Each structure stands twice: as C-alpha cells, then as structure tokens.
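Generate the whole structure from the sequences, applying the supplied hints.
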Amino acid sequence: MNNFSGALRLTDLNDFIGPSQECIKPVPVTKSKKRGVVKLHDDGALTQNSLPLQKETISLTDCLACSGCVTSAETVLIESQSIGTLQRARVETHKSHVFVATLSPQSISSIAHKLRMGYVETCQKLIAALKCDGYKYVFSSVEGSELCHQLSAEELLNCSREKNLPDTNSDKSVNTSVKKPVLASACPGWICYAEKTQGAAVLDHISRIRSPQSIMGALVKSVVSQRESVPYSQVYHVSVMPCYDKKLEASRADFVSKEHDCAETDLVLSTAEAFDLWGNNSTDMMEGRNFDSVLTDSPFPFKTPVGGGSGGFAERILHHVARSLGASGPLEMNFKQLRNKDLLEAVVVINGTEFRVAKAYGFRNIQNIIQKIKHKRCNYDYIELMACPAGCLNGGGQIKLEDSGELSEVTAVYTSVSTDEIKNSKPLLPDLFLTSYKAVEKSTSALNTQW
Amino acid sequence: MVKLTLEATLSGHKGQVWSVDWSPTSKTLASSGQDKSIKLWRQEGGSWVCVTTLEGGNTRTVRQVAWSPCGNKLATASFDSTTCIWEYDRNTSTWDLAATLEGHENEVKSVAWSGDGDYLASCSRDKSVWVWEVMDDDYECASVLQVHSQDVKKVVWHPTDPLLFSASYDDTVKVYKEFGDDWECAESFTGHSSTVWGLSFNKSGDKFVSCSDDRTLRVWCRDENKATKYTCKSTVCGFHSRPIYDVSWGRHGYIATAAGDNAIRLFEQQGASLLLSHLQSDAHFGDVNCVSWKGNLLASASDDETVRIWTLET
Amino acid sequence: MNGAALQNATPTLKQASTDRETSPDDWDDEIFDEVDAREIFDLLRTIKDPEHPHSLEELSVVQEELITCNDVDNYIDVRFTPTIPHCSMATLIGLSLRVKLLHSVANRFKIDVRVTPGTHQSEEAINKQLGDKERVAAALENPQLLNMVNQCIYGAG
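Residue numbers (my numbering), protein chains in the order written: chain A, 398 to 848; chain B, 6 to 319; chain C, 46 to 202.
Source of the hints: derived by calculation from the structure; they are not laboratory data. This one's a predicted model, so the numbers in the text were calculated from it and none came from an experiment. Just so you know, even glycine gets a beta-carbon here, dropped at the ideal spot from N, CA and C. The reader is advised that the hints may include incorrect statements.
What the hints assert, rightly or not - Calculated Cβ distances over 12 Å to all of chain B for the following chain A residues:
hint	residue
1	M682
2	S690
3	H717
4	V744
Said to hold, decoys possible - In silico SDA-like cross-links for lysine to any residue, where the CA-CA straight-line distance does not exceed 20 Å:
hint	chain 1	residue 1	chain 2	residue 2
5	B	K19	C	S149
6	B	K212	B	E229
7	A	K738	B	K212
8	C	K155	B	E229
9	A	K839	C	L190
Below is the structure:
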C-alpha cells in the first residue's frame with residue numbers, strides 16, 4: 398500500500414522483518430490474580446484454567462507511539478479505518494447512533510473534477526448522497542480551517558523567535574510554547590515524520606493549534622449530541638480527507654475524548670474511498686442542499702479559503718494577524734517562487750511590522766527547512782509545511798489523475814470558490830483546540846534493532 | 006600480455022579500508038575506511054606517503070570518499086548517516102570540514118559528484134537516493150527519490166549526461182533524470198539475482214558494467230533511441246567465486262573488478278562480452294572492496310587494512 | 046528485554062557435548078593442526094541464545110554435522126537451525142555466529158553463515174543479510190547490537 402505520503406514512508410525502515418514478526422510492541426499483560434495452568438491443545442489453542450487465553454490486539458494508537466514498524470500499522474489501519482468497517486458500523490449501529498460527516502474542500506474539488514461538475518454542485522450532490530444514506534449532518538472542514546487560522550494568528554502574535562525562559566518543564570519532550578518560525582500542524586505525514594525522527598529542536602516549532610480535521614473533531618460530537626439529545630458516544634463522525642495520513646491523525650491519543658473515552662473522529666475516508674461510496678449516486682434531490690454548521694444554526698457556505706489548495710494557512714493566518722493589529726483593507730500578499738515550484742515566500746508589512754511567511758511542500762523542502770531551523774538560519778515567522786509535493790490537492794488519498802496537468806484543473810475547481818471573507822464566531826474555549834507533540838523514543842532494545 | 010605490477014602497499018589505516026578515489030586534477034589518492042578517517046596519499050621522492058589524514062568529521066566508518074571534479078573538495082559517505090564535505094583552503098593549505106549533510110535515516114553507503122560539480126548524490130540503507138544542489142558553500146536537497154525497495158549501495162553519475170544511476174540490495178539498477186525542478190526515476194534495470202554492489206561507465210557513457218553479489222558482471226548497452234534505456238547484452242559469469250564488490254572501467258578500456266576472493270581481475274571488451282585479460286590472485290590478504298583507475302595506475306582497497314597501487318602493463 | 050512473551054517458551058534441549066579429546070600430537074608445535082569442523086563447533090556451541098539461558102548447542106541451533114571447514118581452501122561454512130521457523134532472533138543468532146568466527150579464526154578464512162535449508166520462513170532474506178559484509182560491519186558499529194551480540198557470545202557483560 399503506497400498511499401501514505403513520502404515523508405511517512407521514509408520513517409519506516411522495516412526492511413528486514415518477515416510478516417509474522419512485524420510487531421515489536423510489548424503488550425502490557427494484566428496478570429490474573431488466580432494462578433493457573435496454561436495448557437496447549439493439539440490445535441494450537443492456549444487455555445488457562447480451561448478458559449481460552451485472551452488474544453492481545455495492537456491498536457493504531459499503540460503503533461503510533463512506537464518507534465518500530467509502521468508496516469503493521471498499515472495493516473491495523475486498513476482494518477480500523479476502511480470502508481468495510483464503516484459499513485459494518487452502519488449496519489450494526491444505525492439505529493442507536495447519529496451518523497455525521499465532515500468533508501474537506503480538497504476532496505470535494507477532486508470529486509468535482511472527476512465528475513466534471515462545479516464545486517457547489519458537487520457539494521450539493523455529496524450532501525444529498527450522504528443525507529440519503531442516513532447521515533444527519535454534513536459539515537465542511539473549512540469551518541474548522543477558519544477557526545484554525547484565527548487561533549494560529551493569535552498564537553503567532555504571542556510567540557517569540559527563541560524561547561528566552563529556561564526550560565523548567567521536567568518533561569522536555571513535550572513542548573510548552575511554540576517558537577518561531579511556527580510550522581503548520583495540519584499535515585499528519587509531516588507531524589509523524591517530525592515526531593519519529595526529530596527532537597525538540599524541531600517539535601518546538603510546530604503550531605500547537607489543532608488541524609482543521611481535529612478542530613472539527615473537537616466540536617462535532619458535543620454539538621451533535623446536544624442538538625440531537627443523544628450521548629456523546631452515540632455520535633459517529635466520519636471525515637473525508639485528501640490524505641491517507643489523516644487516518645493516523647484521527648487515531649492519535651490526543652484526539653480521543655478522555656471524558657467520553659471515545660474517538661472524536663471515528664473514521665477517516667480518503668477522497669477516493671468516499672467517491673467509491675457516494676460519488677456515483679444519482680444526482681436527484683440536490684436542490685437546496687447546504688452544509689450544516691457546527692458553530693451556528695445557519696448553513697455554512699460553499700467556499701474555500703484563499704491562499705491555495707493546501708488550506709491557505711499562510712495567507713489566512715496573516716489576514717487575521719492584520720485584523721488583530723488593526724490594519725484595514727485587503728492584505729496584499731505576493732508569493733515569489735524560490736528554488737523550486739513547491740517553495741514560495743512572501744514578505745508583508747503590517748502596521749510597520751514585517752512578517753515573512755513561506756509555503757514549503759514535499760519532502761525535499763521539509764528537509765531544507767529542518768536543516769535551516771537546526772542551524773538557526775530560518776528567519777520566517779510562519780511556514781505552511783506539507784509533506785506532499787504540490788500540497789494537499791495532490792494528496793495520496795485523492796482520486797488518481799491521468800496526467801500531472803490535470804492537477805491544475807483540480808486546483809481551478811478549488812480556487813473557483815475561494816474567498817477571504819469567511820466569518821465565524823470565535824470559540825469560547827480555545828484550549829479545546831490545542832494539541833502537543835512528543836518525540837517518539839527510539840527503541841533501545843537490540844532485539845528490535847534493524848540492521 | 007596484460008599484467009599488473011605492484012607499485013606500493015600503503016599502510017596506515019586501522020581496520021577495513023572501504024574506498025579509494027583518485028583526484029581528477031592531480032596524482033593524489035584518497036582512501037577511507039573503518040577507522041573513520043580519510044587519508045590522502047602522494048608520491049614523494051619516489052615513494053608513496055600519506056600526506057594528510059582527515060579526522061573528526063564522521064563518527065563511524067567512512068564507506069566512500071569522492072573527489073569533486075574541481076579537485077578541491079571531498080565528500081564522504083558514512084555509516085553515521087551523514088555526508089561530510091571537506092574543502093581545501095589554498096591560503097592555509099589545509100583541508101577543512103565545510104559541511105555535514107544530514108537527512109538520511111541511517112548508514113549512507115555512497116556519494117558521488119556530478120560531472121559539472123553542480124550536484125551531489127547520496128544513498129543509504131534507508132532505501133532513498135538524495136540529490137543535493139551545490140551552491141558555493143550551501144547544499145540544498147533538490148530531490149529525495151524513494152524508488153528502491155531496499156538498501157541502496159551505490160550512486161554513480163553518467164560521464165557526460167545529467168543522469169544519475171543507483172545500485173541496490175533489491176538487485177536492480179535505476180536511472181534518474183531531471184524532471185522540471187525535481188528528479189524522477191526513468192528506468193529500472195533488472196537481471197542480477199542478488200545485490201548490485203556497483204557499476205562503472207566506459208568513457209563515452211554508451212555502456213556500463215555492473216557487479217553483483219551474484220558473482221557476475223553484466224554489460225549494459227545504451228538504446229539508440231532512448232538515452233535513459235540500457236539493455237543487458239551479456240552476463241560474465243564463472244570467473245568470480247565470491248561477491249564482486251566494485252568495478253572500474255578505465256579510460257584505456259580495461260575493466261578492473263574487486264572481489265571477496267582477494268583477487269583483482271582485468272577484463273577487456275570483446276564484442277558485447279568481456280574477456281578475462283588478467284587475474285591477480287591474492288592481490289590482497291582479504292576481500293578487495295574497491296578499485297579505482299587513473300591512467301595506468303590502479304588503486305585497490307582491502308579488508309587487510311591496506312591500499313595497494315598497481316601499474317597496468319600491456 | 047521487553048515484556049513480550051518468548052516466542053518459543055519451551056524449547057527442546059539437548060545435552061551439551063563433552064570437551065574434545067586431546068591427543069599428545071595436539072601439543073606438538075611441530076605438527077600442523079588443521080582447523081576442522083569440530084574446532085569450529087567448539088567455538089560456536091557455547092554461544093547463548095538471545096532469548097534463552099541455553100547454549101546454541103543445547104538448543105540444537107548449531108550442530109557439528111552442519112559445519113564444513115576446509116583448511117586448505119580457507120573456507121568455513123556454518124548452517125544454523127532456528128528453533129522455530131518464524132524465529133525473529135534468527136538474524137541476531139546468525140550475526141553472533143559470524144562475529145564469533147571473525148573474532149576467533151585466522152582472517153585467511155572465508156566464512157559463510159546460513160540458515161539450514163527449509164528451517165526458516167525468511168531463509169533467503171536472512172541468508173542475504175548475513176552474507177552482506179557491509180550490513181554486518183555497520184551492525185557492529187551499533188552499540189546496542191554489539192552489546193547484545195557480545196552478551197550472546199561472551200555472556201553477561
């Protein structure tokens with residue numbers, strides 16, 4: 398399975414383990430108080446005191462916290478976040494659970510291109526298909542992006558270039574405040590790579606604001622459970638994303654509600670998977686369909702943020718920075734290409750303060766940025782960093798394109814509805830939208846060392 | 006009658022010597038190995054001496070050392086997962102550590118400068134091949150190519166065209182070309198039945214020979230219609246009894262091989278195939294890891310902790 | 046070691062062999078003693094399994110019959126038999142065997158260490174890795190691996 402981003406694939410060097418030996422994660426065994434005799438039966442089954450011994454299973458969350466393989470994580474991933482699992486959940490729980498979905502604008506653009514339809518029509522078609530399929534609410538992840546941009550702007554205004562205070566936090570691998578240049582946190586491939594291969598020197602620069610997907614995750618279940626008067630755990634949240642790595646993101650321990658002991662986003666489908674499920678439904682009942690909104694009772698518009706197909710982080714964040722600093726009028730940002738087409742920078746002066754931002758996509762640009770940060774030669778304020786070359790519209794979960802020229806057509810669909818006037822109310826509990834990163838400790842056991 | 010005459014045995018390295026490379030601009034030989042150092046050797050007053058030892062760059066075995074085309078820089082690939090760049094300072098006549106390139110996840114196995122010196126390529130057990138753009142003292146990653154399914158053993162540039170070749174534990178050779186502002190894999194060559202340890206081009210670049218753990222050499226000829234396409238025209242087997250770790254195609258046409266049977270063999274082209282012209286049995290007291298031609302001089306590096314210099318006589 | 050359960054918790058054990066019988070010729074410096082399979086076996090049989098407190102001889106991982114030694118051609122061939130066909134320790138055991146030989150026998154010998162045919166599901170892959178001198182050399186520069194290998198060879202250290 399090669400759908401993961403290149404950055405993620407590179408972190409997993411399990412070139413030397415046979416399939417049956419893949420997982421090296423030690424499973425915590427709860428010792429039973431009663432002593433007993435374990436018996437091996439002819440068929441290979443093990444029993445203790447005549448009861449079958451429990452088989453330990455490894456969850457994706459275990460895999461993510463382990464420096465071992467991700468080959469087995471892929472297997473677990475296919476199991477836990479597949480169309481099959483979703484369909485089983487639908488069959489088993491459709492009576493008890495309220496099903497809701499969040500659609501990313503990149504996925505919509507990809508499907509629109511495939512269907513040769515406009516952005517708005519495609520939204521309406523998908524909303525109609527989902528509602529017919531029993532989904533009670535269909536949200537746009539742009540609502541989450543917008544919150545992400547607002548909060549990231551505040552974060553950017555509050556952070557210094559270098560942490561001046563001595564680090565008093567005993568647990569040094571958890572970053573407490575972010576340092577400039579602030580790096581976008583929305584790309585799970587990049588986050589996974591950074592946590593598995595980079596230490597605090599890099600992790601301290603990653604924005605602590607959640608990604609749009611996990612901001613939606615933080616809101617959707619509590620909002621829907623209130624509106625529908627059902628328990629939190631009986632809301633089933635499906636997210637449709639351009640990126641396979643998002644499945645990993647949704648499985649992070651941080652994005653499991655501790656209060657309700659339940660994932661905030663139950664299942665992530667890639668664009669291609671979602672297209673298989675809903676793309677070919679008839680186009681009846683499209684009229685008058687709208688996105689629901691998590692924060693208001695009115696429909697959420699069929700819009701994408703300005704600033705390009707990766708979610709417009711750099712541009713929208715500076716837009717909000719300008720508003721906070723009291724600047725009026727539209728923000729003029731001219732990105733100029735640097736060494737390659739996936740590395741762009743812009744310098745803007747807002748009320749006398751200069752801000753330098755960059756967009757850097759693809760693994761090679763991630764590498765160059767990491768090296769510059771490590772050598773303290775990176776003087777940007779904010780970097781929209783994404784693991785896929787050409788950014789998120791080119792994500793590994795998108796519908797396969799015939800040739801690379803088609804990507805510009807997908808981009809055209811996305812930008813046809815781009816706006817810098819998305820408004821939403823500011824959330825009350827910004828802490829809800831924070832997350833943290835932790836360097837994955839390298840396994841020190843020689844038994845697990847690959848050589 | 007083709008033969009090799011032993012010119013000198015260079016002692017000084019502690020542990021396996023993995024690599025030798027001749028300076029393109031002078032009769033200086035660089036060697037590297039398990040002792041983490043790089044040694045430069047020159048003929049002074051009739052005998053070969055170690056003129057410089059570079060230490061303190063890499064922290065583990067230096068698997069390969071490579072001269073830049075200008076002769077003023079050395080790149081080293083190391084098991085410590087980095088590539089070090091050493092630069093010669095004319096004013097002080099010293100070699101200084103100019104850069105340490107990080108990014109590979111584990112052992113870097115090979116490093117190579119492009120003919121114009123604008124690019125540096127490196128490869129690693131992490132299965133990736135990296136292309137670095139050289140700009141004065143700055144090295145920027147221009148591409149990360151993850152096409153091999155296993156450990157990548159060797160990177161080699163085409164002698165005249167901007168094409169990069171890599172050989173791997175996955176038994177294949179792959180070729181990469183520029184694609185827009187990035188690089189992409191253009192072809193994959195299969196045929197060897199085990200690890201491909203190295204490859205070497207003839208002068209014009211219309212042929213290359215690859216050597217493998219499968220104890221064979223393969224000769225590949227360029228397709229007339231497609232610059233990146235090479236086809237295997239012959240397999241040379243039955244000569245080597247242990248893995249062939251390196252191959253070097255000299256400008257005079259003689260192909261030297263370094264093998265795990267302590268021997269150096271010389272081949273010459275005969276039609277599409279190769280003819281054994283000379284067998285230097287017991288060239289070293291251990292595996293021969295690397296061979297490098299400069300005119301009629303051949304340098305060899307071995308597990309026996311020495312470098313030897315041979316003269317080709319025809 | 047981690048908390049994972051042993052893969053083969055109850056291996057079959059074999060009695061360790063007694064020391065080789067010596068003859069007066071062995072002590073005569075004038076007589077050239079060829080290195081033979083038994084000598085190689087004696088070098089290897091005491092190596093400990095990474096997971097068990099037992100020796101590779103007791104576990105029948107190394108057997109004298111599966112060792113070939115040709116003193117004239119300077120060649121040693123060792124086949125080892127993992128206790129179970131999916132043993133994940135097989136490469137580590139092979140590495141320990143190879144390292145012990147590298148440390149002990151004259152460097153004129155060419156050494157091959159391989160899995161006994163048909164005794165491991167990843168036989169080919171393990172043989173390829175153990176036959177790759179570059180991978181072996183790099184592995185021995187990894188302090189954790191080296192420590193583990195030394196423990197297997199020379200006991201707790």
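Evaluated hints:
no.: 1; hint: M682; result: holds, 44 Å
no.: 2; hint: S690; result: holds, 40 Å
no.: 3; hint: H717; result: holds, 32 Å
no.: 4; hint: V744; result: holds, 20 Å
no.: 5; hint: B/K19 x C/S149; result: holds, 19 Å
no.: 6; hint: B/K212 x B/E229; result: holds, 12 Å
no.: 7; hint: A/K738 x B/K212; result: violated, 35 Å
no.: 8; hint: C/K155 x B/E229; result: violated, 43 Å
no.: 9; hint: A/K839 x C/L190; result: holds, 14 Å
Hint violations for this structure: numbers 7, 8, all remaining hints satisfied.
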